[in-house]
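J.: Starting from the known structure of chain A, fit chain B onto it as the hints suggest.
Residue numbers (my numbering), protein chains in the order written: chain A, 1 to 512; chain B, 513 to 817.
Accuracy of the hints is not assured; some may be wrong.
Derived coverage of chain A by chain B (criterion: at least 3 residues anywhere in the stretch with Cβ under 8 Å from a Cβ of chain B; other residues may be distant) [unchecked claim]:
| hint | segment |
| --- | --- |
| 1 | 149-159 |
| 2 | 319-328 |
| 3 | 384-393 |
Sample of chain A residues with no beta-carbon within 12 Å of chain B, all distances over it, derived [as the list claims (entries may be wrong)]:
| hint | residue |
| --- | --- |
| 4 | G43 |
| 5 | I162 |
| 6 | S205 |
| 7 | D248 |
| 8 | I267 |
| 9 | E274 |
| 10 | L337 |
| 11 | H476 |
Keep in mind the hints are simulated off the structure, nothing from the lab. Values in this document were obtained by computation on a predicted structure and should not be read as measured data. All C-beta atoms, glycine included, are put in the ideal place defined by N, C-alpha and C.
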Amino acid sequence: MSSLTGKIAAIPLLRSLTDEQIHALEGALEREAALRIEAYSPGQTVCVKGQYQLELCIVLGGTVEALDEVEGKGLRPVATFGIGDFFGELGVIDGRPRSTDVVATTETQILHVPAHALKFLEVNPAARKILGDRYRERVARVALNQVELFAGVPDSFIAELIARCEIQRHDMRGMTVVKQGEIADSIYIIRDGFVQVVRENDDGSHRVLAYLRAGEYFGEMGLLESQFRYASVLTAGKCELIRIPSEDCLELCSRYPQVAERIREIIARRHQEEQRITPEISDLLEKSGQLGVIQSDALLVIDMDLCINCDNCVSACTALHGESRLVRTGIQIGKYLVPGACRHCDDPKCMNSCPTGAIKRRPGGEIYFQYDQCIGCGNCAIACPFDNIAMIDTPTFDRAQAGKSRMMSKEFFRPYPVAAHDAVDESWWKRVLSMRSNKRKPVKIDQTRDSAPYVPASFPIKCDLCDGLPYMGCVHNCPTGAAIRIEAAELFEGIGATRSGARIRKASGTNN
Amino acid sequence: MSEGVARYVIEAAAMSRHPTPVRSITLWIVVCSVLVVVAHVLIGRTGLRPGSYITGTITLTGFALAAGYSARKRSLRGSIRILRIAALLPTPIARRIVSLDRLERWRFVHVAIGILLLLPFWLHVDAGLRAGRIETGLGALLALLVLSGIVGASIEEFLPHAMQLDPEHQVRAQDVEDALDALYREAEEMILGHSERLTSAYVERIRPILQGTQPWPRLMRATLTGTDPSDARCAQLRAGAADLGAEEELYGELVNTAARKIRLEQNRFNLLFGMSWLRFHITLALLTSFVIVFHVLGVLYVIGL
Numbered sequence: 001m002s003s004l005t006g007k008i009a010a011i012p013l014l015r016s017l018t019d020e021q022i023h024a025l026e027g028a029l030e031r032e033a034a035l036r037i038e039a040y041s042p043g044q045t046v047c048v049k050g051q052y053q054l055e056l057c058i059v060l061g062g063t064v065e066a067l068d069e070v071e072g073k074g075l076r077p078v079a080t081f082g083i084g085d086f087f088g089e090l091g092v093i094d095g096r097p098r099s100t101d102v103v104a105t106t107e108t109q110i111l112h113v114p115a116h117a118l119k120f121l122e123v124n125p126a127a128r129k130i131l132g133d134r135y136r137e138r139v140a141r142v143a144l145n146q147v148e149l150f151a152g153v154p155d156s157f158i159a160e161l162i163a164r165c166e167i168q169r170h171d172m173r174g175m176t177v178v179k180q181g182e183i184a185d186s187i188y189i190i191r192d193g194f195v196q197v198v199r200e201n202d203d204g205s206h207r208v209l210a211y212l213r214a215g216e217y218f219g220e221m222g223l224l225e226s227q228f229r230y231a232s233v234l235t236a237g238k239c240e241l242i243r244i245p246s247e248d249c250l251e252l253c254s255r256y257p258q259v260a261e262r263i264r265e266i267i268a269r270r271h272q273e274e275q276r277i278t279p280e281i282s283d284l285l286e287k288s289g290q291l292g293v294i295q296s297d298a299l300l301v302i303d304m305d306l307c308i309n310c311d312n313c314v315s316a317c318t319a320l321h322g323e324s325r326l327v328r329t330g331i332q333i334g335k336y337l338v339p340g341a342c343r344h345c346d347d348p349k350c351m352n353s354c355p356t357g358a359i360k361r362r363p364g365g366e367i368y369f370q371y372d373q374c375i376g377c378g379n380c381a382i383a384c385p386f387d388n389i390a391m392i393d394t395p396t397f398d399r400a401q402a403g404k405s406r407m408m409s410k411e412f413f414r415p416y417p418v419a420a421h422d423a424v425d426e427s428w429w430k431r432v433l434s435m436r437s438n439k440r441k442p443v444k445i446d447q448t449r450d451s452a453p454y455v456p457a458s459f460p461i462k463c464d465l466c467d468g469l470p471y472m473g474c475v476h477n478c479p480t481g482a483a484i485r486i487e488a489a490e491l492f493e494g495i496g497a498t499r500s501g502a503r504i505r506k507a508s509g510t511n512n
Numbered sequence: 513m514s515e516g517v518a519r520y521v522i523e524a525a526a527m528s529r530h531p532t533p534v535r536s537i538t539l540w541i542v543v544c545s546v547l548v549v550v551a552h553v554l555i556g557r558t559g560l561r562p563g564s565y566i567t568g569t570i571t572l573t574g575f576a577l578a579a580g581y582s583a584r585k586r587s588l589r590g591s592i593r594i595l596r597i598a599a600l601l602p603t604p605i606a607r608r609i610v611s612l613d614r615l616e617r618w619r620f621v622h623v624a625i626g627i628l629l630l631l632p633f634w635l636h637v638d639a640g641l642r643a644g645r646i647e648t649g650l651g652a653l654l655a656l657l658v659l660s661g662i663v664g665a666s667i668e669e670f671l672p673h674a675m676q677l678d679p680e681h682q683v684r685a686q687d688v689e690d691a692l693d694a695l696y697r698e699a700e701e702m703i704l705g706h707s708e709r710l711t712s713a714y715v716e717r718i719r720p721i722l723q724g725t726q727p728w729p730r731l732m733r734a735t736l737t738g739t740d741p742s743d744a745r746c747a748q749l750r751a752g753a754a755d756l757g758a759e760e761e762l763y764g765e766l767v768n769t770a771a772r773k774i775r776l777e778q779n780r781f782n783l784l785f786g787m788s789w790l791r792f793h794i795t796l797a798l799l800t801s802f803v804i805v806f807h808v809l810g811v812l813y814v815i816g817l
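Only chain A is shown next, with the shape it has when bound in the complex (with noise of 0.2 Å):
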């Protein structure tokens, strides 16, 4: 019997579950160790900012607190949750960072729920409806309380908007959220993705003419200035967004004239920089959009106006990992070769299709394997858009090798710590003078032993940007520097093309 039973009664969001689905969720936490419950004593931290922990945390005894920075105050406690509270929800449904620090304040143990095993909660429409409504309530909390337009709005006046507004997601590229020529009735805040927007010419040819990201907002001209939408607007990938009546939007700016002068700030720079929108940028955009490269939290870029074709990024690569997980041809735009590796895309599908929550994420964005928890289902490989995930077969892999280029790890290569299952015990004089690279070696399986842990066919490859190097092999191997790790909506914002607004996440990894 596992210590769950007998909290439920005091836990709203498992109490509407059924005998049978309780007995789920229970056998469940006996088999899968993601699922589990944890004990924390006084001051211990549940979780730590930014980090990718994709679990919902169910408090089932005392209390913890969220710690974030409050503007000249440092780090203070902004919410307290007890027994039968949750926290997690935005990371578990969304794929989002821990937003705050979360430490017990007294012993408390914790219900950890992993995205994979939400569903044994969500089987049940009640419980479903609660996290639902809790995740739409913090969600556009957290958006309203980032985006620049609504700084000097009252909390309560936000409070009523947050009411009001509606959350919209799409999962696909291309749905179309507004309509050239349609009645502006709302304007929408991007929580997260990408849109691009679309003018339609009175020829019937187009012209992309920006991509807005988590943070940007839209639909602002037509409230505005005309009653109508000044141009379309498509997602360009997974986006969230909220939508906001024009009704409260017309109120706000009523009440609030400043917000309204933002407004027309943002009206009259979007409508300078549509100038600078030249067939040939939109062409580039729309190309760009359509391939998923603006997407990419860490692209890999060639210049192919200094690449020489020495090949020496893969040899870099081959020799780093043993197999080489960039393969130098791609898609060309322009002159920049964007090779076959992985981008850390913003919305990855591979993480999105992992059964077994095996692929993870730092707070930098960088995508790993954990491969402790990898069952080799390959999954990941057929999720990935970019077919940058290859599976290769276990007797060539080694998971004791695999993680040694981690050795190198040092906190100030990196901002972050490395990971417990990271870490390698291996004294500093052996790490110096061993004279292994970082190639896996054969693996012997010793299939005769019943005890041998279950080991699968094959294992998925793809690049971790030299996890736990310090630099990334192909870049710093690159004789004429043509080779370089840019995120794809930096390369934008260049051209005009994205604009600088609230970014949530940016790839970390140094091009050293």
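T.: Leaving out everything else, chain B in the frame of chain A:
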């Protein structure tokens, strides 16, 4: 233009992370060459000429150091070792070492050493010792080696842009081969089931292009002048389309296929051209080292060691 601005963004990112002393490798060569000439003139005026043993030793050391780039390029074992040691040092030093280990910097140092070692070599020759056949050959080889390096660096700097004007440009040799195969299949499938006249025109005029290869001087000229090598050839082919009547359009498509084949050949030539000088350079380096060994052994024999 968009590309220009994008280039600025990429370059700004690159420069802020990996500054090299001089952006252009050719300019770097010129700077080093000027230094060599100036230093030689100054040494000549002061009259403080080092002896032939010293200059010879310095030249030999420079040669060995320059060869280090080739080793670094081919193996990361040394680099990984250094970086592991760097990981144990304080942050600023570690960052500096990582930055210094970048292959781009190695290349700059390689070029600098390659040019600067001309100074001790020049002084070594100036020493006026009697030169035999080996020494004459060694001098010629060393000069050729440096020249091939300069030409190669210039090719690397100035030609990639001209080499990639074709929008269908492939970046790997195997991709070119695949594209050539696909193109041939496409053309053969296009002609199936068509008239005798079109088929004969295809077999006589277009298939030889698809099956054959263009002479390399033509491809080289096209690369250097930035022109399309298929233009002249395809103009001739198109002139012969008048008598094909209704099938003229298909013939035009076949001619376009032939034009793509020629452009792919130029693509293949460019890939080879861009790298083959390096093979020549490496061969010369190996040959030079071989002759140096004989030269040094000869000197040691003469002085009685």
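J.: Hint by hint, note whether the structure agrees.
T.: Verification of the hints:
For a cut-off of 8 Å, the count of residues in the segment 149-159 of chain A with a CB near a CB of chain B stands at 0, and the three-residue condition is violated. Under the rule that three or more residues need a Cβ within less than 8 Å of chain B, the assignment of the segment 319-328 of chain A holds, with 3 such residues. Restraint check on the segment 384-393 of chain A versus chain B: 0 residues with Cβ-Cβ distances below 8 Å, three needed, restraint violated. Taking the minimum C-beta to C-beta distance to chain B, about 29 Å, the non-interface status of A/G43 holds against the 12 Å cut.
At roughly 37 Å, the least C-beta separation between A/I162 and chain B is larger than 12 Å, which holds for a residue marked as non-interface. For A/S205, the requirement that its beta carbon stay farther than 12 Å from each beta carbon of chain B is met, with the minimum near 18 Å. Look at A/D248: its CB is around 38 Å from the nearest CB on chain B, clear of 12 Å, so calling it non-interface holds up. Every Cβ of chain B is farther than 12 Å from the Cβ of A/I267; the closest lies at roughly 23 Å, confirming the non-interface assignment.
Every CB of chain B lies more than 12 Å from the CB of A/E274, the least distance being 14 Å, so the non-interface label holds. Look at A/L337: its CB is around 6 Å from the nearest CB on chain B, not clear of 12 Å, so calling it non-interface is violated. Taking the minimum C-beta to C-beta distance to chain B, about 6 Å, the non-interface status of A/H476 is violated against the 12 Å cut.
In the structure shown, a violation is registered for the earlier hints numbered 1, 3, 10 and 11, in ascending order.
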